[in-house]
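Peer 1: Going letter by letter, the sequence shown gives residues 3 to 447 in my numbering.
Keep in mind the hints are simulated off the structure, nothing from the lab. Quick caveat, the model's predicted, so the values are computed rather than measured. Only true hints are included.
Computed list of lysine to any residue pairs in SDA-like fashion (alpha-carbon distance at most 20 angstroms, straight line):
| id | residue 1 | residue 2 |
| --- | --- | --- |
| 1 | Lys136 | Gln147 |
| 2 | Lys136 | Gly78 |
| 3 | Lys136 | Asn92 |
| 4 | Lys181 | Arg144 |
| 5 | Lys181 | Pro128 |
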Amino acid sequence: MTLTLVKPSSPPPLNSPTLHRLENGLTIVAEQMPVDAVNLSLWLNVGSADEPDSINGMAHFLEHMVFKGTEQLQIGEFERLIEQRGAVANAATSQDYTYYYITTAPQDFSELAPLQLDVVLNASIPDNAFHQEKLVVLEEIRRSQDSPQRRTFQRSMEVAFEQLPYRRSVLGPASSVGKLTPQQMRDFHRTCYQPAAMTAVAIGNLPTEQLIQTVIEGLPSSQSSESFAGDRSWDTVELSSSRLHPELLSSPVEPAFDTNVRREFVDPTLQQARLVMLWRVPGMIDLQQTYALDILSAVLGHGRMARLTQDLREQQGLVSYISVRNMTQRLQGTFCISVQLPPENLAVVERAIAQHIHRLQTQLVTNAEIERIRNQIANRFIFGNESPCDRASLYGYYSSLVGDLTPALSYPARLQALDANDLQTAAQTYLSPDSYGIVIQRPAV
Numbered sequence: 003m004t005l006t007l008v009k010p011s012s013p014p015p016l017n018s019p020t021l022h023r024l025e026n027g028l029t030i031v032a033e034q035m036p037v038d039a040v041n042l043s044l045w046l047n048v049g050s051a052d053e054p055d056s057i058n059g060m061a062h063f064l065e066h067m068v069f070k071g072t073e074q075l076q077i078g079e080f081e082r083l084i085e086q087r088g089a090v091a092n093a094a095t096s097q098d099y100t101y102y103y104i105t106t107a108p109q110d111f112s113e114l115a116p117l118q119l120d121v122v123l124n125a126s127i128p129d130n131a132f133h134q135e136k137l138v139v140l141e142e143i144r145r146s147q148d149s150p151q152r153r154t155f156q157r158s159m160e161v162a163f164e165q166l167p168y169r170r171s172v173l174g175p176a177s178s179v180g181k182l183t184p185q186q187m188r189d190f191h192r193t194c195y196q197p198a199a200m201t202a203v204a205i206g207n208l209p210t211e212q213l214i215q216t217v218i219e220g221l222p223s224s225q226s227s228e229s230f231a232g233d234r235s236w237d238t239v240e241l242s243s244s245r246l247h248p249e250l251l252s253s254p255v256e257p258a259f260d261t262n263v264r265r266e267f268v269d270p271t272l273q274q275a276r277l278v279m280l281w282r283v284p285g286m287i288d289l290q291q292t293y294a295l296d297i298l299s300a301v302l303g304h305g306r307m308a309r310l311t312q313d314l315r316e317q318q319g320l321v322s323y324i325s326v327r328n329m330t331q332r333l334q335g336t337f338c339i340s341v342q343l344p345p346e347n348l349a350v351v352e353r354a355i356a357q358h359i360h361r362l363q364t365q366l367v368t369n370a371e372i373e374r375i376r377n378q379i380a381n382r383f384i385f386g387n388e389s390p391c392d393r394a395s396l397y398g399y400y401s402s403l404v405g406d407l408t409p410a411l412s413y414p415a416r417l418q419a420l421d422a423n424d425l426q427t428a429a430q431t432y433l434s435p436d437s438y439g440i441v442i443q444r445p446a447v
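Working from the sequences, and respecting the hints, build out all of it.
Peer 2: See below:
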């Protein structure tokens, strides 16, 4: 028998979303995906960074209140109908966005999607429920202050940013949340929860046209539009930059540290010390500059073979935990190295990390390291696209923060195009071994 080898055809692209823009400003992203579920994610282009100091915590509190009923749905009815169909719902608030999602069986999508749109866009925010839920939110704030991890993060953000609102807690302080009124929240909701500030992402095992039409038909009548800007494939549309909060974009980014800014605390709840070293780096409005920093964070701290993990944990045993993140907010980001360690190792570990930063500036990253990270990035992108919820999060995140899906889908290619010289240039530009912010939390003696 003679075997004939057939060259496999090229696989279809992993992502093929359709963008549909209504004249009222709402962007709909839809994609059919052969998984027996449908996710609808509603991304609002508003987070805690958009709040004045006096109402810090409003966006997060509103996330709670959205589920407290509308004119059509009594309190608790949305959750009951969701659970009755075996669907799931959740929400989250960040500094730059708020999102809500449901995941349903395909046959239930046309019934449940309008309910999701109703609770988000038509939240009634009744007085009694507001005052009851305020107690819940205040308790959440109190519990967050009991968390060593959250305390460390908050103190780090206060060092990283002197002026930008990223220095504030998403939850807000109890002093401002306690003074919020139902009418303030209704005004905030009416102003910020508008179609022009929202991206609706529908991903799952239904035809794309049906996903889009279900979202349009589910819009409240006061916010729907029969006139469309039209469908476009993801690679031919760029959303208006006016959605990126022009009043915030006029805020200047903060300059790189020109010296060490050091804050030290004694925390009697800790068994080990915490050390955070951070640098101010570009944000999503300067997206092209973030890619090399993503790779550098992987070189230093992603996986057991990463430089800091190998040196400080595996070989020298100086730390029990170490992570490196390039955290990218809309306006400005932070390159952050976080460590847990015995307090007697603080000084030597700080010096060692500074030496690793100096090495990035003076020696090229090896080809073997770059290839390892390229494989990690490609695989993580695939793994992060496996479910409708994952894919909807990818599209919603980039639509909200960048106004364009192209960078989301080209992310692996953009990182794989960088070479060792690009990485060295980024380290020399943004990471200094001599000037950085540092937060140390020591256990009580």
